[in-house]
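Colleague: If you're matching them up, the sequences are chains A and B in order.
Once you know that position 196 of the first sequence is 206 in the working numbering, the rest is easy, because the numbers rise by one and skip nothing.
Once you know that position 58 of the second sequence is 232 in the working numbering, the rest is easy, because the numbers rise by one and skip nothing.
Some clues are possibly wrong.
Below, in silico cross-link-like pairs of lysine to aspartate or glutamate (EDC-like), each with a Cα-Cα straight-line distance of 20 angstroms or less [said to hold, decoys possible]:
1. 98/A <-> 262/B
2. 182/B <-> 107/A
3. 182/B <-> 191/A
4. 229/B <-> 262/B
5. 275/B <-> 259/B
6. 89/A <-> 262/B
7. 89/A <-> 21/A
8. 454/B <-> 171/A
9. 228/B <-> 243/B
10. 36/A <-> 21/A
Source of the hints: derived by calculation from the structure; they are not laboratory data.
Given the structure is predicted, the values throughout are model-derived calculations rather than measurements.
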Amino acid sequence: MIELFNVSVQENKRLILNQVSLRINKGEFVYLIGKTGAGKTTLLRLIYLDLYPSQGNIIVENYSSATIKRRQIPYLRRKVGVVFQDFKLLPDRNVYENVAFALRVIGASRREIKSRVLSVLTQVGLNHKRYHLPHTLSGGEKQRVAIARALVNEPFILLADEPTGNLDPEASRDILELLEDINRSGTAVCMATHNYELIKLIPHRTILLDNGEIRREFSPAEVQQLKVIE
Amino acid sequence: MSVFFLLKEGIVGLKRARLAAVITIVSICLSLSLFGSFTLVGYNLQDVFNRFYKKIRLEVFLDSSLGLDQLEKLKKKIHQNPEVEAVEYISSQAALQEFQKTFGQDLSSVLKSNPLPASFRVVLRPKYTAPERIEDLANRIRRLPGVQEVLYQKEIVRFLHKYLGLGIAILLIFAFLILVVITILIFNTIRLTIHSRMNIIEIMQLVGATNLFIKSPYIIEGMLQGLLGSLLAVGILALFVSFIRDVFYHGIQVPPHLYPFLLILGTLLGLLGSYISVNKYLKY
């Protein structure tokens with residue numbers, strides 16, 4: 011469960027988020043939409059505490075941004091998976107190692123690593139490419155590796171910041187379907203995007219951010235009415 | 175947390191950023207060699223300096239009228255001065271023999287009586303080598319009854335003190351400056367290494383690696399670089415010393431503990447450099 015109470019973020023005297031309150035429930039799928047610079051990325055960064063709010067408070071499971079200690083942040087991050095538009099894979103390690111990395115750095119045992127990595131690679135459909143290096147993969151496949159790495163710690167929520175931003179329409183649809191699968195198996199998903207056509211394919215609760223504020227919330231049924239505002 | 179994984183990451187890190195690692199190792203090696211050779215030169219200068227000083231003697235010429243008792247008393251008095259290491263009596267007979275030995279001329283064939291006075295030869299403690307102190311001592315001895323004159327190589331004492339002392343001071347300053355430069359250099363090269371791997375640090379932070387876990391490979395890597403660099407530096411210095419010993423100057427001496435000191439210094443600098451640099455890039 012994630013909850014934001016009147017959260018504002020100010021950077022260099024510019025207000026990036028203004029009094030945002032939001033609740034994401036367990037197992038929910040939420041889209042964050044809005045123009046570039048509307049505050050989508052900032053909102054996501056707040057959730058994995060890459061950024062502290064200038065005002066307000068954020069609750070992520072048992073942690074609160076107001077009271078969390080710096081050394082506790084890694085433990086929060088293990089419960090929150092994050093993927094990005096640019097994948098952020100390690101170019102000199104193969105698919106398996108990229109995913110295993112997330113477990114190695116938290117000190118998992120070798121046996122545990124092996125079974126969990128193979129299972130999550132099967133889930134994203136990349137088991138057969140586990141020895142490939144990232145540069146030999148397509149964009150869609152790279153994003154699958156990133157998703158596998160985000161999932162391998164079994165987080166309760168997956169944050170996706172423009173995960174289809176670098177992908178062609180077909181690959182984008184595949185990634186979205188994968189996220190939907192992941193959500194169905196119980197992991198909450200919060201995806202920032204400005205691809206409105208895409209979210210109409212699998213509509214969910216959608217939050218429109220504009221100029222650092224929540225402008226409107228759409229129910230899944232209302233999503234179809236969304237028009238491109240950019 | 176598995177130590178094995180950390181060590182492996184440290185070594186793998188060295189392999190991955192091979193060029194950066196080589197640059198760091200070479201710069202540590204060069205600066206430590208330079209620092210080491212300055213220390214070496216300074217130490218040997220000091221050594222030469224001391225050896226010159228050990229040869230400085232005060233010649234205390236005595237009245238020929240002194241009896242044995244008085245001689246003994248005078249010797250004791252001179253010996254009581256803190257600057258004096260030893261006092262040796264040279265009879266006028268012995269002085270004559272020494273003269274003949276040195277100049278190969280038999281004075282007794284020219285002169286009927288021995289013109290050379292008896293003397294004390296005063297050996298100084300190396301601790302008191304300032305020219306003013308020696309001059310002061312000479313004056314004190316001069317005032318003692320029974321002493322005719324005190325002579326020593328005043329000019330050489332002045333020269334040694336002025337120029338060799340200055341030389342050593344300059345060397346020490348240079349060695350210190352080099353140390354400062356090395357520190358900055360190591361910090362910067364390691365910072366570059368870490369900067370080139372910002373993405374891996376970012377990912378580690380993202381997937382919830384603890385601070386210590388993220389830092390450790392870099393610190394281990396920095397230590398390894400420091401150790402390798404200083405090992406190379408010690409090798410170069412050892413070769414340099416043996417070359418000098420064989421070809422130019424047989425008496426060259428290595429300051430005690432110089433090599434272990436360089437190894438520890440290099441390793442510590444590598445450790446500190448990477449520790450500080452990696453801290454700069456960690457947000458939490």
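Colleague: For each hint given before, does the structure comply? Return the numbers of the non-compliant ones in rising order.
Modeller: 1, 3, 5, 6, 7, 8, 9, 10
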